[in-house]
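Let the sequences and hints guide you as you build the complete structure.
Chains as they are written, first to last, in this note's numbering: chain P, 1 to 456; chain A, 1 to 456; chain B, 1 to 456; chain L, 1 to 456.
Because the hints were derived from the structure by calculation, they are not lab data.
Treat the hints with care, as some may be off.
Each pair may be met inside one copy or between any two copies, as identical chains are not told apart.
[As the list claims (entries may be wrong)] As a list, the in silico SDA-like pairs of lysine to any residue whose alpha-carbon atoms are at most 20 Å apart:
1. K95 - Y127
2. K437 - G122
3. K63 - S77
4. K358 - L69
Small disclaimer: the values here were computed from a predicted structure and weren't measured.
There are 4 protein chains.
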Amino acid sequence: MEDNTGMACDTKVDLIDELGIDFSLDTTIDMLGPPEIPSPLQGKSYSCFVSDSDRVLARVSVKNLEENLQAGTAPASFELAGPRQEIFFNPEGLKSAIVTCGGLCPGINDVIRSIVLTLHYGYGAKYIYGIRYGLRGFNPESGLSPMELTVQSVNGIHEYGGTILGSSRGPQPVDVIVDTLERLGISILFIIGGDGTFRAGAGIADEVRRRGLKISIVAVPKTIDNDIYLVSKTFGFETAVEMACQSIRCAHTEATGAPNCIGLVKVMGRYSGFIAAAATVALREVNFCLIPESDFDLDGPGGFLDALEKRLDARSHAVVVLAEGAGQKYVSGPEQGRDLSGNLKLGDIGIFMRDRIKEHFRNVNKEVFVRYIDPSYIIRSVPANVDDRLYCGNLGQNAVHAAMAGKTAMMVSYWNDRYVHVPLSAAISKRKMVNLKSRFWMSVLESTGQSSLKAS
Amino acid sequence: MEDNTGMACDTKVDLIDELGIDFSLDTTIDMLGPPEIPSPLQGKSYSCFVSDSDRVLARVSVKNLEENLQAGTAPASFELAGPRQEIFFNPEGLKSAIVTCGGLCPGINDVIRSIVLTLHYGYGAKYIYGIRYGLRGFNPESGLSPMELTVQSVNGIHEYGGTILGSSRGPQPVDVIVDTLERLGISILFIIGGDGTFRAGAGIADEVRRRGLKISIVAVPKTIDNDIYLVSKTFGFETAVEMACQSIRCAHTEATGAPNCIGLVKVMGRYSGFIAAAATVALREVNFCLIPESDFDLDGPGGFLDALEKRLDARSHAVVVLAEGAGQKYVSGPEQGRDLSGNLKLGDIGIFMRDRIKEHFRNVNKEVFVRYIDPSYIIRSVPANVDDRLYCGNLGQNAVHAAMAGKTAMMVSYWNDRYVHVPLSAAISKRKMVNLKSRFWMSVLESTGQSSLKAS
Amino acid sequence: MEDNTGMACDTKVDLIDELGIDFSLDTTIDMLGPPEIPSPLQGKSYSCFVSDSDRVLARVSVKNLEENLQAGTAPASFELAGPRQEIFFNPEGLKSAIVTCGGLCPGINDVIRSIVLTLHYGYGAKYIYGIRYGLRGFNPESGLSPMELTVQSVNGIHEYGGTILGSSRGPQPVDVIVDTLERLGISILFIIGGDGTFRAGAGIADEVRRRGLKISIVAVPKTIDNDIYLVSKTFGFETAVEMACQSIRCAHTEATGAPNCIGLVKVMGRYSGFIAAAATVALREVNFCLIPESDFDLDGPGGFLDALEKRLDARSHAVVVLAEGAGQKYVSGPEQGRDLSGNLKLGDIGIFMRDRIKEHFRNVNKEVFVRYIDPSYIIRSVPANVDDRLYCGNLGQNAVHAAMAGKTAMMVSYWNDRYVHVPLSAAISKRKMVNLKSRFWMSVLESTGQSSLKAS
Amino acid sequence: MEDNTGMACDTKVDLIDELGIDFSLDTTIDMLGPPEIPSPLQGKSYSCFVSDSDRVLARVSVKNLEENLQAGTAPASFELAGPRQEIFFNPEGLKSAIVTCGGLCPGINDVIRSIVLTLHYGYGAKYIYGIRYGLRGFNPESGLSPMELTVQSVNGIHEYGGTILGSSRGPQPVDVIVDTLERLGISILFIIGGDGTFRAGAGIADEVRRRGLKISIVAVPKTIDNDIYLVSKTFGFETAVEMACQSIRCAHTEATGAPNCIGLVKVMGRYSGFIAAAATVALREVNFCLIPESDFDLDGPGGFLDALEKRLDARSHAVVVLAEGAGQKYVSGPEQGRDLSGNLKLGDIGIFMRDRIKEHFRNVNKEVFVRYIDPSYIIRSVPANVDDRLYCGNLGQNAVHAAMAGKTAMMVSYWNDRYVHVPLSAAISKRKMVNLKSRFWMSVLESTGQSSLKAS
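Following this line, the structure appears as structure tokens:
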């Protein structure tokens with residue numbers, strides 16, 4: 001049964017409802033054991049605490065609720081994030097580690113800083129390792145020693161983009177990772193990464209359990225594509241859209257600055273076109289927005305090149321925004337291989353489109369100019385804006401609260417305007433994508449005026 | 001019964017939960033009559049519709065829900081915003097008006113533009129008046145004629161702060177306003193304003209009903225203070241915090257640039273200190289954050305001046321952020337009168353504090369410097385950032401959808417990550433303020449390290 | 001004899017001295033005839049005027065002057081720009097035209113606006129045509145009608161990058177252009193363009209003279225490469241460097257964000273590497289700065305790839321900035337052809353270098369990552385910053401003053417901190433390039449620590 | 001005889017010509033003794049050197065030169081800045097100190113960093129003290145120990161506004177300062193400050209000479225008001241104008257956002273109104289620009305309030321920009337006293353004007369609104385933009401080159417597009433102010449359309 005019939009119709013709402021939440025998903029959070037140590041936060045006058053029985057409904061539709069009531073089933077819900085009165089780990093001498101994996105994203109350093117400050121000032125847990133360059137930093141063969149993270153060493157790091165720890169893609173043998181955790185005596189591992197990393201995290205948690213260790217694995221969702229399931233919006237996304245808009249604005253300036261000129265911008269978005277779509281709606285200067293979720297044809301009447309030609313004939317300029325994962329049927333194949341994260345390597349649709357557009361107009365004997373902009377690395381490596389900064393701060397704090405309480409194999413998420421705990425298993429069960437039947441996508445289409453772009 | 005025991009503990013969550021939603025509030029939306037005309041949006045392939053029976057739970061806590069179930073009461077919920085398949089007004093020849101009231105705020109022009117574009121392109125309703133300079137533009141005595149708003153005239157206005165219509169504070173006689181609406185033949189009035197304006201809007205809707213007219217009154221909540229009840233975050237707030245941070249950063253630079261120097265920044269926040277508090281958490285360079293919700297003493301041991309002196313002795317610089325409504329017990333009195341909006345005029349706590357700080361240190365014979373920054377007009381008159389722009393676009397679209405469907409005496413709001421309809425009566429029943437028992441305020445205190453600032 | 005022995009040694013000075021001013025160049029400005037009409041500016045109380053006998057020394061070195069004195073030759077000098085008391089054209093009914101040619105550059109709209117405002121308010125000359133899309137707008141075959149430029153139509157255009165007129169590359173037949181000028185009854189043509197355009201402008205002025213017409217041709221130098229001879233700094237250059245720095249900063253973040261990672265940025269700079277060099281000095285985060293003026297080898301000991309490998313071995317990250325014209329020996333050939341401006345088409349050194357770097361490290365069996373950023377269109381299409389805006393305003397004003405006084409075949413320039421008139425013939429006699437013996441380049445080398453990069 | 005009759009007429013030129021250079025000024029640079037040590041820069045392949053006989057003409061007008069030739073006098077000239085082949089100080093064990101005095105200004109940290117990097121990498125002179133909080137840091141009574149400045153400690157400081165050393169106003173006893181220099185064994189003192197500081201610097205150099213010491217005193221001109229004589233533009237000025245424009249833009253938005261509304265902005269400019277004037281020309285949205293150099297009357301026909309009323313009657317909004325030193329006849333008196341720098345304390349013309357405007361319109365019974373913005377501390381405490389950053393880098397490098405060569409009692413300046421050495425005695429002989437007969441001021445008047453504002 002469709003979860004959100006008639007509901008999935010608003011720009012931000014859709015970011016959630018289109019997920020089509022799996023009604024039967026298990027949202028129980030694993031724990032290392034009963035939290036029996038009084039939290040050091042208890043001593044602070046301003047403290048307020050959250051209990052494990054505080055839960056947040058996964059769906060806020062009254063209709064969904066009535067369905068549950070009729071069926072006699074409990075509505076899906078998530079554990080509320082926040083500090084617990086009793087914690088699992090004794091902060092005295094406790095050792096934690098932070099690792100950052102995958103591509104860059106605005107705000108990673110803010111999350112690192114927030115984790116370090118909360119561990120130090122909130123719990124008095126002062127031994128914190130920064131694992132270098134992603135999971136490979138766990139592998140002794142890499143020769144990478146962890147760096148010590150202190151209140152001093154994270155001072156000011158949020159003014160810079162990127163990650164002070166370095167990052168990398170790709171897995172490492174789970175037993176090697178757990179060996180290193182054991183050798184370093186680490187009790188909490190904070191993983192800042194995306195779905196690939198979450199899979200690794202789940203594996204690490206399994207191995208930890210198998211060995212009977214007491215190591216908490218807590219993830220903070222990081223993806224510039226905003227495509228992680230059960231997170232309403234990932235950190236850095238707002239900043240990324242802001243930067244994408246800067247480039248698209250330039251593309252528009254270029255397009256109007258020469259006769260029959262096309263501004264073509266490729267942005268991040270491997271499987272989910274959120275950045276392209278959001279920037280399109282925000283600017284309203286885009287004529288074609290192509291994303292992985294929406295198939296299109298290049299050739300034939302009604303196809304993209306035909307529509308582009310009509311647009312140029314009518315207005316003599318055009319702006320095209322392209323998510324990197326769009327139109328992969330034209331550029332991908334098994335021969336492209338996989339990257340270190342195990343993702344299928346995408347063909348470069350940006351270069352391909354630039355060349356195909358040129359070719360098309362050469363064939364029809366029309367002079368056009370194409371200005372191609374690929375701002376990918378500029379978008380993802382800037383510092384976070386203030387709103388993302390606040391968000392990152394909260395994610396970091398809640399990750400620490402969760403870990404100190406002995407939660408594991410989970411990620412900290414933001415859902416229905418609340419911070420919640422989500423099991424890694426649920427988070428990796430599906431990918432968040434733009435719902436083509438949503439009002440968000442409808443806003444894109446209204447803004448561009450583009451048709452189906454399928455050849456008739 | 002406390003709504004959110006043990007829950008009100010996260011930075012963003014608190015923006016909502018601390019509202020302490022009134023469980024018994026009536027969330028029924030007034031309508032001018034049954035919507036029986038097919039929406040022009042039906043013809044568009046990408047359309048998706050919302051029904052009046054789609055409702056969003058006001059509270060997402062499972063505990064709250066269980067209380068309802070035990071008590072046999074229905075949980076409070078809001079009507080979901082969005083386009084309806086059937087509408088009330090025939091777009092043909094339909095006349096609408098937009099009025100902007102109260103102080104400036106980033107994004108007003110974005111909302112105006114979104115309303116105009118949605119009326120025009122979505123519904124084909126092309127006659128749109130812009131009322132000049134707030135409610136006074138309705139009064140023939142003002143000599144202000146409405147301006148025509150078209151797709152052309154709103155082109156590019158979102159690149160500028162402020163409002164192209166002009167604004168003003170203060171009421172006008174309700175019958176004069178309704179006379180003007182009748183005279184101009186207006187069927188929909190969009191009101192962009194705050195709680196004072198909402199009261200006026202509710203009065204206009206009453207008078208419209210009394211006269212048996214069919215005029216829809218739809219409000220878009222605007223307040224730079226983020227203090228409207230039942231709105232999780234008002235538009236422009238993110239931008240305002242970003243700008244406030246710019247000034248506070250300068251105050252920090254100044255404070256460290258001279259011996260025993262105090263950077264003192266006054267920001268917006270008449271009754272609710274959200275801007276001051278959010279900027280404090282975002283920057284983590286603030287030593288004292290004073291907001292209207294949190295009383296403090298100037299003198300005596302443990303009071304603000306004593307704490308400030310200790311801070312300077314220890315670190316030789318300090319940054320103080322002050323909401324304009326903080327410490328009013330020191331500067332306000334009946335003699336200050338009321339402003340045109342009917343608000344009690346606030347004494348200028350910024351100048352007062354600057355002078356009292358100087359006096360204090362003169363008395364204790366210590367040389368200090370005070371750098372006082374009042375960025376109020378800079379904060380509120382800049383263009384919206386991209387995220388606020390997206391938000392404003394959605395608010396404007398949903399306001400049009402609601403009005404076309406014949407809804408009235410309501411505001412478009414954002415709640416639990418959904419756009420919803422809220423009756424004006426509910427919206428003005430309470431003010432949103434910083435909950436001093438929330439994790440948001442806890443984050444402020446953690447960040448500043450400030451004590452209670454009450455004299456012992 | 002070397003003009004600037006021992007002098008050419010400061011970052012900004014060099015922008016001038018390295019030009020190696022040709023001592024014998026003729027700096028006489030052509031005139032259409034004697035200016036005998038009183039300037040309308042005479043009536044304005046605040047006016048102050050410049051006389052043709054006010055001249056500015058081309059060289060400010062005392063040594064150069066002494067050489068002149070000993071040799072009995074007059075030192076080279078330029079006519080000072082500014083309003084003349086008597087003018088040549090009667091403003092009544094006067095028609096002017098503006099054309100913008102070549103690539104975009106921040107500030108073009110500022111120059112257009114300044115010309116329009118000065119013609120209108122300063123001289124009362126209100127008929128102004130904007131020629132569309134460069135010189136091709138003169139060609140009736142293009143079907144492009146000129147647009148009318150008024151005080152209203154240029155209002156706010158400086159907030160946008162690009163040119164409201166559109167631009168294009170490449171010549172048009174001189175007689176066609178002059179035919180159009182005659183047909184439209186234009187007396188003044190303002191040309192905003194680079195050296196290619198200046199050649200066209202000189203040709204137009206010749207043809208005008210041949211036909212015995214009274215049409216003034218006044219150029220405003222525009223080149224994002226800052227490579228026009230006898231202009232100390234071209235407009236938009238500061239803004240371009242600011243934007244280049246944004247990208248290079250991102251490249252640095254990327255480079256430090258992954259193991260053995262190289263941030264590679266290609267910026268504008270066809271024959272002159274000013275943007276690359278200035279950004280390198282400003283940021284001090286660049287390890288290799290490659291410009292057209294400085295030859296380098298890729299392979300062999302001491303070559304670039306060898307040096308890059310050593311850098312990575314030592315520090316595990318590197319930032320490389322590349323002007324588009326650098327290393328052309330590797331990518332250019334006659335087969336590349338010429339672009340519409342008649343420039344040799346450059347091979348894409350950016351893509352080439354990215355691939356050669358990858359290949360090199362694959363060959364030596366070392367894992368490296370390359371993050372390639374090509375921000376060219378972002379750099380050139382943003383609005384001008386405030387300093388460039390002031391500069392553009394002055395260039396536009398002085399262009400109008402010169403034209404009204406009947407000057408022709410000249411450009412308005414900035415030299416030794418004065419605005420001056422330079423004959424087009426002198427301006428196109430040479431190209432401005434980075435002097436490898438200058439302190440400017442020395443600063444680059446100090447900052448990068450790079451060696452000669454020539455294979456031994 | 002007037003130096004620049006009929007010449008002083010361009011926006012940037014005027015910044016120089018209006019200085020009315022004193023023809024007879026002595027531009028001889030003091031030296032501690034003959035430089036006889038080979039510079040370590042000699043070993044570097046890319047080095048190029050400047051000789052003391054390389055001089056730059058103070059005036060570039062051909063007419064001025066002819067006057068000299070006729071009179072048989074040598075034209076005034078300045079020593080060219082840059083590295084010398086022989087230096088005075090042995091870098092081995094050499095101790096230097098840097099002190100920053102007076103108000104903040106964008107770019108101070110850039111200058112500090114450049115000095116440290118050039119001393120360290122260029123000359124191998126690695127012992128560098130940072131004197132804390134201005135001259136008071138020399139006084140043992142202050143209890144302020146100098147901080148050690150190293151390549152590491154200045155890393156990244158240019159990303160922040162202000163000065164890492166702290167600053168303060170006011171003199172200290174010269175003999176105490178020189179005692180401290182002796183005690184610390186300092187050979188070079190770099191002073192970053194304004195004219196008050198230069199007077200102190202000249203006194204220190206005198207005392208050094210009297211004691212027969214070998215200590216070089218080299219100044220870097222710093223004033224946000226851009227009012228130091230014989231410097232064409234001071235560092236940070238561009239950034240300050242950029243920031244002032246941000247505030248004025250907001251004032252314009254406010255002014256148009258309410259009926260009969262006046263945006264009033266007070267910017268820096270104690271005796272010289274360069275920031276106000278430059279921002280006015282750059283934005284072209286200002287209706288009245290009031291600066292110290294141009295007297296105006298408040299009351300009476302033709303006075304400011306009369307003109308403002310007429311403007312409001314005509315357009316219903318107005319933007320007024322005010323330099324802090326404007327209109328001091330209304331607010332200053334001997335009772336205001338002097339600040340620590342010995343400057344007459346200025347009355348607060350901003351608050352005064354705000355209140356007088358309100359009073360005036362109350363008296364004539366017209367409702368107006370005044371939005372008063374005082375962005376002073378925001379303008380001066382931001383980081384430098386890229387162009388100022390390049391400028392600061394060059395100033396710092398040249399200051400080191402001068403000092404190492406044994407130059408003293410001088411400042412590094414920028415003049416006629418060259419870096420030069422100017423004796424402190426010449427620099428403090430006059431103040432740079434806006435020339436009311438210049439084209440720069442003419443541009444202001446054209447842009448605002450304001451009349452004389454003197455009561456008739």
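Hint by hint, here is what the structure shows:
| no. | hint | verdict |
| --- | --- | --- |
| 1 | K95 - Y127 | within (5 Å within a copy, 40 Å between copies) |
| 2 | K437 - G122 | between (45 Å within a copy, 17 Å between copies) |
| 3 | K63 - S77 | both (16 Å within a copy, 11 Å between copies) |
| 4 | K358 - L69 | neither (59 Å within a copy, 60 Å between copies) |
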